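In the numbering used here, the protein residues as written are 104 to 581.
None of these hints come from the bench; they were simulated from the model.
Do not rely on the hints blindly, as some may be mistaken.
Here are the simulated lysine-lysine pairs, BS3-like style, with alpha carbons at most 25 angstroms apart [as the list claims (entries may be wrong)]:
no., residue 1, residue 2
1, 566, 554
2, 554, 458
3, 298, 329
4, 458, 512
Ranges between beta-carbon positions, derived for each pair [stated by the list, open to error]:
no., residue 1, residue 2, range
5, 251, 387, 34 to 40 angstroms
6, 484, 251, 35 to 41 angstroms
7, 286, 548, 26 to 32 angstroms
8, 510, 297, 51 to 57 angstroms
In this text the structure is predicted, and so the values were computed from the model without any measurement.
Glycine residues also receive a C-beta, built at the ideal position from the N, C-alpha and C atoms.
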Amino acid sequence: MSAAAAHYSAVNANQDVLDAIHAVVGPTGWIGDAAGMAPYLVETRGLWRGQAAGVVRPGTTEEVASVVRLAAAARLPIVPQGGNTGLLGGGVPDSGIVLSTSRLNRVRDLDATNHTLTVEAGCVLADIQRIADEAGFLFPLSLAAEGSCQIGGNLSTNAGGVQVLRFGNARDLVLGLEVVMPDGRVWSGLRGLRKDNTGYDLKQIFIGAEGTLGIITAAVLKLFAKPKTQETAFVAAPSAEGILQIFTRARDLFGDALVAFEMVPRIGLEFTIRHIAGVSDPLAAAHPFYALIEIASPRENDPLRDGLERLLTDAIGDGTATDAVVAASVAQSEALWRIRETIPEAQRHEGASVKHDVAVPVSQVAAFVVRAGEIVEAAEPGVRVVAFGHVGDGNIHFNLSQPLGADPKRFLARCDEFNRMVHDLAVAMGGTFSAEHGIGRLKRGELVHYKSEIEIELMRRIKTAFDPLSIMNPGKVI
(Lines of atoms letter the chains of each structure in order from A and count residues from 1; the text may use other names and numbers.)
(Lines give C-alpha, C1' and ligand atoms only; values in the text may rest on other atoms or scores of the structure.)
Protein backbone atom coordinates (compact mmCIF):
# COMPACT_ATOMS: atom_id res chain seq x y z
CA MET A 1 0.00 0.00 0.00
CA SER A 2 1.36 3.44 -0.92
CA ALA A 3 1.97 6.10 1.74
CA ALA A 4 -0.96 8.12 0.38
CA ALA A 5 -3.29 5.11 0.52
CA ALA A 6 -2.16 4.31 4.06
CA HIS A 7 -2.87 7.89 5.11
CA TYR A 8 -6.31 7.72 3.46
CA SER A 9 -7.10 4.51 5.33
CA ALA A 10 -6.00 6.03 8.65
CA VAL A 11 -8.14 9.11 8.10
CA ASN A 12 -11.16 6.98 7.27
CA ALA A 13 -10.55 4.76 10.29
CA ASN A 14 -10.37 7.81 12.55
CA GLN A 15 -13.54 9.24 11.05
CA ASP A 16 -15.31 5.94 11.64
CA VAL A 17 -14.33 5.92 15.31
CA LEU A 18 -15.28 9.60 15.69
CA ASP A 19 -18.69 8.82 14.22
CA ALA A 20 -19.05 5.90 16.64
CA ILE A 21 -18.06 8.11 19.60
CA HIS A 22 -20.53 10.76 18.45
CA ALA A 23 -23.24 8.11 18.39
CA VAL A 24 -22.44 7.06 21.98
CA VAL A 25 -22.74 10.53 23.50
CA GLY A 26 -25.32 12.04 21.14
CA PRO A 27 -25.44 15.63 19.90
CA THR A 28 -25.33 17.09 23.42
CA GLY A 29 -22.10 15.29 24.14
CA TRP A 30 -20.19 16.12 20.97
CA ILE A 31 -18.50 19.31 19.78
CA GLY A 32 -16.89 19.20 16.37
CA ASP A 33 -16.92 22.77 15.06
CA ALA A 34 -13.92 25.06 15.44
CA ALA A 35 -15.72 27.76 17.43
CA GLY A 36 -17.22 25.29 19.86
CA MET A 37 -13.93 23.48 20.40
CA ALA A 38 -11.84 26.63 20.83
CA PRO A 39 -12.18 27.02 24.64
CA TYR A 40 -11.05 23.41 25.12
CA LEU A 41 -7.90 23.79 23.04
CA VAL A 42 -6.18 26.69 24.80
CA GLU A 43 -4.42 26.85 28.18
CA THR A 44 -5.84 29.33 30.66
CA ARG A 45 -2.91 31.77 30.29
CA GLY A 46 -2.77 31.37 26.52
CA LEU A 47 0.71 29.81 26.56
CA TRP A 48 -0.39 26.74 24.58
CA ARG A 49 -2.96 26.27 21.86
CA GLY A 50 -3.68 22.72 20.74
CA GLN A 51 -5.69 20.81 18.20
CA ALA A 52 -8.15 17.94 18.36
CA ALA A 53 -10.51 16.01 16.14
CA GLY A 54 -13.38 16.74 18.50
CA VAL A 55 -14.48 17.37 22.05
CA VAL A 56 -16.55 14.63 23.66
CA ARG A 57 -18.64 15.34 26.75
CA PRO A 58 -20.01 12.06 28.13
CA GLY A 59 -22.94 12.25 30.50
CA THR A 60 -22.32 9.04 32.47
CA THR A 61 -19.47 6.79 33.52
CA GLU A 62 -20.82 4.16 31.11
CA GLU A 63 -20.54 6.63 28.24
CA VAL A 64 -16.97 7.47 29.27
CA ALA A 65 -16.13 3.76 29.25
CA SER A 66 -17.68 3.26 25.81
CA VAL A 67 -15.78 6.22 24.39
CA VAL A 68 -12.49 4.97 25.83
CA ARG A 69 -13.03 1.46 24.45
CA LEU A 70 -13.63 2.88 20.98
CA ALA A 71 -10.60 5.15 21.21
CA ALA A 72 -8.38 2.34 22.50
CA ALA A 73 -9.38 0.06 19.63
CA ALA A 74 -8.37 2.79 17.18
CA ARG A 75 -5.36 3.97 19.23
CA LEU A 76 -6.91 7.42 19.27
CA PRO A 77 -5.31 9.71 21.89
CA ILE A 78 -7.57 10.98 24.68
CA VAL A 79 -6.91 14.16 26.67
CA PRO A 80 -9.07 14.22 29.82
CA GLN A 81 -10.09 17.73 30.81
CA GLY A 82 -11.95 19.21 33.76
CA GLY A 83 -12.39 22.95 34.16
CA ASN A 84 -9.24 23.63 32.09
CA THR A 85 -7.80 25.89 34.80
CA GLY A 86 -4.36 24.25 34.98
CA LEU A 87 -1.21 26.33 34.53
CA LEU A 88 1.17 23.80 32.96
CA GLY A 89 -0.51 22.75 29.72
CA GLY A 90 -1.59 19.37 31.03
CA GLY A 91 -5.06 19.62 29.51
CA VAL A 92 -4.08 20.92 26.07
CA PRO A 93 -4.32 18.32 23.26
CA ASP A 94 -1.88 17.79 20.42
CA SER A 95 -4.17 15.37 18.60
CA GLY A 96 -6.98 12.88 19.16
CA ILE A 97 -9.97 13.96 21.24
CA VAL A 98 -10.58 16.01 24.35
CA LEU A 99 -12.77 14.18 26.87
CA SER A 100 -14.45 16.82 29.01
CA THR A 101 -15.99 15.72 32.31
CA SER A 102 -18.24 18.79 32.54
CA ARG A 103 -21.48 16.80 32.19
CA LEU A 104 -20.48 14.37 34.94
CA ASN A 105 -21.76 16.79 37.55
CA ARG A 106 -24.09 14.87 39.83
CA VAL A 107 -23.95 14.43 43.60
CA ARG A 108 -24.38 10.70 44.16
CA ASP A 109 -24.53 10.56 47.95
CA LEU A 110 -24.08 12.56 51.14
CA ASP A 111 -23.49 10.38 54.21
CA ALA A 112 -23.75 12.67 57.23
CA THR A 113 -22.82 9.99 59.74
CA ASN A 114 -19.76 8.93 57.73
CA HIS A 115 -18.84 12.55 56.95
CA THR A 116 -18.52 11.81 53.23
CA LEU A 117 -19.79 13.29 49.99
CA THR A 118 -19.75 11.23 46.80
CA VAL A 119 -19.65 13.37 43.65
CA GLU A 120 -18.91 12.99 39.97
CA ALA A 121 -15.73 14.39 38.48
CA GLY A 122 -17.34 17.35 36.72
CA CYS A 123 -18.71 18.95 39.88
CA VAL A 124 -17.29 22.45 40.30
CA LEU A 125 -15.25 22.87 43.47
CA ALA A 126 -17.23 25.90 44.68
CA ASP A 127 -20.47 23.93 44.29
CA ILE A 128 -19.03 21.09 46.39
CA GLN A 129 -18.03 23.60 49.07
CA ARG A 130 -21.57 25.04 49.02
CA ILE A 131 -23.27 21.64 49.18
CA ALA A 132 -21.11 20.65 52.15
CA ASP A 133 -21.80 23.97 53.86
CA GLU A 134 -25.57 23.68 53.40
CA ALA A 135 -25.41 20.23 54.97
CA GLY A 136 -23.55 21.61 57.98
CA PHE A 137 -20.05 20.49 56.96
CA LEU A 138 -16.82 21.85 55.55
CA PHE A 139 -15.04 20.62 52.44
CA PRO A 140 -11.70 22.40 52.91
CA LEU A 141 -10.07 22.30 49.48
CA SER A 142 -9.85 25.97 48.48
CA LEU A 143 -7.96 27.66 45.65
CA ALA A 144 -8.23 30.67 43.38
CA ALA A 145 -9.96 28.82 40.52
CA GLU A 146 -12.61 27.19 42.73
CA GLY A 147 -15.44 28.92 40.85
CA SER A 148 -14.63 27.03 37.65
CA CYS A 149 -12.23 24.16 38.39
CA GLN A 150 -13.73 20.67 38.69
CA ILE A 151 -13.03 18.10 41.38
CA GLY A 152 -11.81 15.51 38.86
CA GLY A 153 -9.12 17.90 37.71
CA ASN A 154 -8.32 18.85 41.31
CA LEU A 155 -7.70 15.20 42.12
CA SER A 156 -5.84 14.46 38.90
CA THR A 157 -3.39 17.25 39.72
CA ASN A 158 -3.41 16.74 43.51
CA ALA A 159 -4.38 20.37 44.02
CA GLY A 160 -3.14 22.24 47.08
CA GLY A 161 -4.47 25.63 48.11
CA VAL A 162 -4.53 27.70 51.25
CA GLN A 163 -5.70 25.12 53.81
CA VAL A 164 -3.16 22.35 53.14
CA LEU A 165 -1.52 23.20 56.47
CA ARG A 166 -4.55 21.89 58.38
CA PHE A 167 -6.28 19.48 55.99
CA GLY A 168 -3.64 18.32 53.50
CA ASN A 169 -3.55 18.24 49.70
CA ALA A 170 -6.36 16.88 47.53
CA ARG A 171 -5.05 13.31 47.94
CA ASP A 172 -5.63 13.60 51.70
CA LEU A 173 -9.30 14.46 51.20
CA VAL A 174 -10.34 11.33 49.26
CA LEU A 175 -11.52 7.95 50.52
CA GLY A 176 -12.51 6.32 47.22
CA LEU A 177 -12.50 6.74 43.46
CA GLU A 178 -14.24 5.49 40.36
CA VAL A 179 -11.89 5.40 37.37
CA VAL A 180 -12.24 4.44 33.71
CA MET A 181 -9.08 2.60 32.73
CA PRO A 182 -7.28 3.11 29.39
CA ASP A 183 -8.88 -0.05 27.98
CA GLY A 184 -12.39 1.10 28.90
CA ARG A 185 -12.88 -1.07 31.97
CA VAL A 186 -14.25 0.66 35.08
CA TRP A 187 -12.56 0.36 38.46
CA SER A 188 -15.24 1.01 41.05
CA GLY A 189 -13.42 1.94 44.22
CA LEU A 190 -16.08 4.25 45.67
CA ARG A 191 -15.67 3.07 49.24
CA GLY A 192 -16.09 5.43 52.15
CA LEU A 193 -13.65 3.52 54.35
CA ARG A 194 -11.11 5.18 56.58
CA LYS A 195 -9.38 1.86 57.14
CA ASP A 196 -8.81 -0.59 54.29
CA ASN A 197 -5.54 -2.46 54.60
CA THR A 198 -6.07 -4.85 51.67
CA GLY A 199 -3.05 -4.34 49.48
CA TYR A 200 -2.03 -1.40 47.32
CA ASP A 201 -3.92 1.85 47.77
CA LEU A 202 -4.96 2.08 44.13
CA LYS A 203 -6.72 5.42 44.37
CA GLN A 204 -3.46 7.18 45.18
CA ILE A 205 -1.96 6.01 41.89
CA PHE A 206 -4.53 8.03 39.95
CA ILE A 207 -4.45 11.12 42.18
CA GLY A 208 -1.75 13.40 40.82
CA ALA A 209 -1.32 11.38 37.61
CA GLU A 210 -2.81 14.19 35.50
CA GLY A 211 -5.02 11.89 33.46
CA THR A 212 -2.13 9.80 32.13
CA LEU A 213 -3.26 6.53 33.77
CA GLY A 214 -7.05 6.72 33.56
CA ILE A 215 -10.03 9.04 33.86
CA ILE A 216 -11.44 9.79 37.30
CA THR A 217 -15.23 9.84 37.00
CA ALA A 218 -16.34 10.03 40.65
CA ALA A 219 -14.91 10.34 44.15
CA VAL A 220 -15.81 9.87 47.80
CA LEU A 221 -14.68 13.02 49.59
CA LYS A 222 -14.04 13.58 53.28
CA LEU A 223 -16.15 16.19 55.06
CA PHE A 224 -15.19 18.02 58.24
CA ALA A 225 -16.93 19.87 61.04
CA LYS A 226 -17.84 23.39 59.99
CA PRO A 227 -15.94 26.08 61.94
CA LYS A 228 -18.11 28.03 64.36
CA THR A 229 -15.38 30.33 65.63
CA GLN A 230 -12.89 31.87 63.24
CA GLU A 231 -10.25 34.59 63.53
CA THR A 232 -8.06 36.24 60.91
CA ALA A 233 -5.00 38.42 61.47
CA PHE A 234 -2.65 40.37 59.22
CA VAL A 235 0.78 40.65 60.84
CA ALA A 236 3.82 42.66 59.77
CA ALA A 237 7.40 41.48 60.27
CA PRO A 238 10.83 42.96 59.50
CA SER A 239 12.08 39.84 57.70
CA ALA A 240 11.17 36.47 56.26
CA GLU A 241 12.81 34.91 59.31
CA GLY A 242 10.38 36.86 61.48
CA ILE A 243 7.47 35.40 59.51
CA LEU A 244 8.82 31.90 60.11
CA GLN A 245 9.20 32.56 63.84
CA ILE A 246 5.61 33.81 64.06
CA PHE A 247 4.45 30.66 62.28
CA THR A 248 6.32 28.44 64.72
CA ARG A 249 4.73 30.19 67.68
CA ALA A 250 1.25 30.06 66.12
CA ARG A 251 1.58 26.35 65.33
CA ASP A 252 2.77 25.55 68.84
CA LEU A 253 -0.02 27.61 70.42
CA PHE A 254 -2.99 26.63 68.26
CA GLY A 255 -2.13 23.17 66.89
CA ASP A 256 -4.84 21.96 64.49
CA ALA A 257 -6.78 25.18 65.01
CA LEU A 258 -4.19 26.89 62.78
CA VAL A 259 -5.92 26.53 59.42
CA ALA A 260 -3.80 28.77 57.17
CA PHE A 261 -0.58 30.74 57.39
CA GLU A 262 0.33 32.73 54.28
CA MET A 263 3.25 35.05 53.55
CA VAL A 264 2.83 38.30 51.58
CA PRO A 265 5.84 40.47 50.66
CA ARG A 266 5.53 44.25 50.60
CA ILE A 267 5.78 44.33 46.82
CA GLY A 268 2.86 41.90 46.58
CA LEU A 269 0.71 44.18 48.74
CA GLU A 270 1.76 47.20 46.66
CA PHE A 271 0.80 45.42 43.44
CA THR A 272 -2.69 44.62 44.78
CA ILE A 273 -3.23 48.17 46.06
CA ARG A 274 -2.18 49.50 42.66
CA HIS A 275 -4.25 47.19 40.47
CA ILE A 276 -7.08 45.56 42.45
CA ALA A 277 -10.17 47.66 43.15
CA GLY A 278 -11.06 47.97 46.81
CA VAL A 279 -7.71 46.80 48.22
CA SER A 280 -6.02 49.09 50.74
CA ASP A 281 -3.13 48.79 53.19
CA PRO A 282 -4.47 47.32 56.46
CA LEU A 283 -1.64 48.92 58.46
CA ALA A 284 -0.48 52.50 58.87
CA ALA A 285 3.13 52.02 57.76
CA ALA A 286 4.98 49.88 55.22
CA HIS A 287 6.77 46.69 56.31
CA PRO A 288 8.98 44.21 54.41
CA PHE A 289 6.80 41.12 55.01
CA TYR A 290 3.36 40.17 56.24
CA ALA A 291 1.70 37.00 57.49
CA LEU A 292 -1.98 36.23 56.97
CA ILE A 293 -3.08 33.95 59.78
CA GLU A 294 -6.37 32.10 60.09
CA ILE A 295 -7.40 30.01 63.07
CA ALA A 296 -10.71 28.20 63.43
CA SER A 297 -12.61 25.89 65.76
CA PRO A 298 -15.81 23.84 65.46
CA ARG A 299 -16.78 25.07 68.94
CA GLU A 300 -18.89 28.18 69.43
CA ASN A 301 -17.32 31.00 71.42
CA ASP A 302 -13.95 29.29 71.49
CA PRO A 303 -11.54 31.88 72.98
CA LEU A 304 -9.28 31.84 69.93
CA ARG A 305 -9.13 35.62 69.77
CA ASP A 306 -7.63 35.86 73.25
CA GLY A 307 -4.86 33.48 72.28
CA LEU A 308 -4.27 35.27 68.97
CA GLU A 309 -3.99 38.65 70.66
CA ARG A 310 -1.53 37.25 73.22
CA LEU A 311 0.55 35.79 70.40
CA LEU A 312 0.68 39.09 68.54
CA THR A 313 1.35 41.17 71.66
CA ASP A 314 4.30 38.97 72.59
CA ALA A 315 5.67 38.98 69.03
CA ILE A 316 5.46 42.76 68.73
CA GLY A 317 6.92 43.11 72.21
CA ASP A 318 10.12 41.24 71.34
CA GLY A 319 10.45 42.65 67.82
CA THR A 320 9.56 39.47 65.92
CA ALA A 321 6.50 41.32 64.56
CA THR A 322 6.19 45.06 64.04
CA ASP A 323 2.43 45.62 63.73
CA ALA A 324 -0.80 43.66 63.35
CA VAL A 325 -4.52 43.89 62.83
CA VAL A 326 -7.16 41.31 63.75
CA ALA A 327 -10.33 41.24 61.61
CA ALA A 328 -13.36 42.45 63.52
CA SER A 329 -15.91 41.05 61.07
CA VAL A 330 -16.36 38.58 58.24
CA ALA A 331 -16.10 41.47 55.77
CA GLN A 332 -12.74 42.54 57.21
CA SER A 333 -11.50 38.96 57.09
CA GLU A 334 -12.51 38.71 53.44
CA ALA A 335 -10.73 41.99 52.70
CA LEU A 336 -7.50 40.66 54.22
CA TRP A 337 -7.77 37.43 52.23
CA ARG A 338 -8.41 39.44 49.07
CA ILE A 339 -4.90 40.84 49.34
CA ARG A 340 -3.34 37.39 49.28
CA GLU A 341 -5.67 35.88 46.70
CA THR A 342 -5.28 38.66 44.11
CA ILE A 343 -1.48 38.87 44.02
CA PRO A 344 -1.24 36.74 40.82
CA GLU A 345 -3.91 38.87 39.11
CA ALA A 346 -2.19 42.10 40.16
CA GLN A 347 1.20 40.86 39.00
CA ARG A 348 -0.10 40.48 35.45
CA HIS A 349 -0.35 44.27 35.25
CA GLU A 350 3.35 44.70 36.05
CA GLY A 351 4.72 43.30 32.80
CA ALA A 352 6.32 39.97 32.02
CA SER A 353 6.78 37.50 34.85
CA VAL A 354 8.49 34.18 35.43
CA LYS A 355 6.73 32.05 38.02
CA HIS A 356 7.96 29.22 40.23
CA ASP A 357 5.94 26.81 42.37
CA VAL A 358 8.59 25.47 44.72
CA ALA A 359 8.55 23.86 48.14
CA VAL A 360 11.23 23.41 50.77
CA PRO A 361 11.07 22.07 54.33
CA VAL A 362 9.22 24.62 56.47
CA SER A 363 12.39 25.24 58.45
CA GLN A 364 14.11 26.41 55.25
CA VAL A 365 11.45 28.81 53.95
CA ALA A 366 13.05 32.04 55.17
CA ALA A 367 16.56 31.02 54.08
CA PHE A 368 15.26 30.04 50.65
CA VAL A 369 13.42 33.33 50.11
CA VAL A 370 16.52 35.35 51.05
CA ARG A 371 19.06 33.27 49.11
CA ALA A 372 16.92 32.85 45.99
CA GLY A 373 16.30 36.59 45.97
CA GLU A 374 20.03 37.29 46.12
CA ILE A 375 20.74 34.87 43.27
CA VAL A 376 18.18 36.24 40.81
CA GLU A 377 18.89 39.87 41.71
CA ALA A 378 22.58 39.32 40.97
CA ALA A 379 21.69 37.78 37.61
CA GLU A 380 19.08 40.40 36.70
CA PRO A 381 19.57 43.75 38.46
CA GLY A 382 16.23 45.42 39.09
CA VAL A 383 14.19 42.22 38.94
CA ARG A 384 11.21 42.42 41.29
CA VAL A 385 10.89 39.33 43.47
CA VAL A 386 7.34 38.49 44.52
CA ALA A 387 7.73 35.58 46.95
CA PHE A 388 4.44 34.67 48.56
CA GLY A 389 2.42 31.65 49.56
CA HIS A 390 1.90 28.82 51.94
CA VAL A 391 4.57 29.13 54.62
CA GLY A 392 2.78 26.55 56.76
CA ASP A 393 3.47 23.75 54.27
CA GLY A 394 6.70 25.12 52.80
CA ASN A 395 5.23 26.02 49.40
CA ILE A 396 6.43 29.37 48.08
CA HIS A 397 5.33 30.92 44.80
CA PHE A 398 8.64 32.56 43.93
CA ASN A 399 7.61 34.86 41.11
CA LEU A 400 9.79 37.31 39.22
CA SER A 401 8.41 40.48 37.63
CA GLN A 402 10.52 42.16 34.99
CA PRO A 403 12.58 45.21 35.97
CA LEU A 404 10.76 48.49 35.40
CA GLY A 405 11.22 49.60 31.81
CA ALA A 406 12.81 46.31 30.72
CA ASP A 407 12.07 44.57 27.44
CA PRO A 408 9.49 41.85 28.25
CA LYS A 409 10.69 39.54 25.48
CA ARG A 410 14.28 39.74 26.62
CA PHE A 411 13.23 39.04 30.19
CA LEU A 412 11.11 36.02 29.24
CA ALA A 413 13.92 34.71 27.04
CA ARG A 414 15.85 34.09 30.27
CA CYS A 415 13.06 31.95 31.72
CA ASP A 416 15.03 28.67 31.57
CA GLU A 417 18.01 30.37 33.16
CA PHE A 418 15.90 31.69 36.06
CA ASN A 419 14.25 28.30 36.45
CA ARG A 420 17.59 26.57 36.83
CA MET A 421 18.74 29.06 39.48
CA VAL A 422 15.58 28.80 41.55
CA HIS A 423 14.96 25.09 41.12
CA ASP A 424 18.58 24.15 41.81
CA LEU A 425 18.44 26.02 45.10
CA ALA A 426 15.08 24.52 46.12
CA VAL A 427 16.28 20.98 45.41
CA ALA A 428 19.62 21.60 47.15
CA MET A 429 17.66 22.67 50.25
CA GLY A 430 15.71 19.39 50.26
CA GLY A 431 12.79 20.75 48.26
CA THR A 432 11.04 20.39 44.91
CA PHE A 433 10.51 22.37 41.73
CA SER A 434 6.76 21.66 41.68
CA ALA A 435 4.77 21.80 44.90
CA GLU A 436 1.11 21.95 43.88
CA HIS A 437 0.77 22.73 40.17
CA GLY A 438 2.03 19.40 38.85
CA ILE A 439 4.08 18.68 35.72
CA GLY A 440 1.85 18.92 32.64
CA ARG A 441 3.95 19.64 29.61
CA LEU A 442 5.77 22.68 30.97
CA LYS A 443 7.86 20.83 33.55
CA ARG A 444 8.56 17.53 31.81
CA GLY A 445 12.17 18.51 31.28
CA GLU A 446 12.55 19.51 34.91
CA LEU A 447 11.16 16.15 36.00
CA VAL A 448 13.82 14.30 34.04
CA HIS A 449 16.51 16.70 35.22
CA TYR A 450 15.81 16.41 38.93
CA LYS A 451 14.32 12.96 39.45
CA SER A 452 16.66 10.01 39.89
CA GLU A 453 16.98 7.36 37.20
CA ILE A 454 15.12 4.83 39.31
CA GLU A 455 12.24 7.26 39.93
CA ILE A 456 11.87 7.92 36.21
CA GLU A 457 12.10 4.20 35.47
CA LEU A 458 9.39 3.36 38.01
CA MET A 459 7.10 6.07 36.67
CA ARG A 460 7.56 4.79 33.12
CA ARG A 461 6.83 1.24 34.23
CA ILE A 462 3.60 2.35 35.87
CA LYS A 463 2.62 4.27 32.73
CA THR A 464 3.32 1.25 30.54
CA ALA A 465 1.48 -1.13 32.84
CA PHE A 466 -1.66 0.99 33.00
CA ASP A 467 -1.62 2.49 29.50
CA PRO A 468 0.39 0.22 27.17
CA LEU A 469 -0.99 1.95 24.07
CA SER A 470 -0.05 5.36 25.49
CA ILE A 471 -3.35 6.95 24.52
CA MET A 472 -4.08 8.66 27.86
CA ASN A 473 -2.94 12.28 27.77
CA PRO A 474 0.16 11.45 25.76
CA GLY A 475 3.16 13.76 26.08
CA LYS A 476 2.25 14.92 29.58
CA VAL A 477 4.15 14.28 32.83
CA ILE A 478 6.36 11.41 31.59
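Status of each hint after checking the structure:
1. 566 to 554: 16 angstroms, holds
2. 554 to 458: It holds: about 21 angstroms lies between the C-alpha atoms, which stays within 25 angstroms.
3. 298 to 329: 23 angstroms, holds
4. 458 to 512: Status holds; Cα separation ~15 angstroms.
5. 251 to 387: 34 to 40 angstroms: 37 angstroms, holds
6. 484 to 251: 35 to 41 angstroms: 39 angstroms, holds
7. 286 to 548: 26 to 32 angstroms: 30 angstroms, holds
8. 510 to 297: 51 to 57 angstroms: 55 angstroms, holds
The structure agrees with every numbered hint stated previously.
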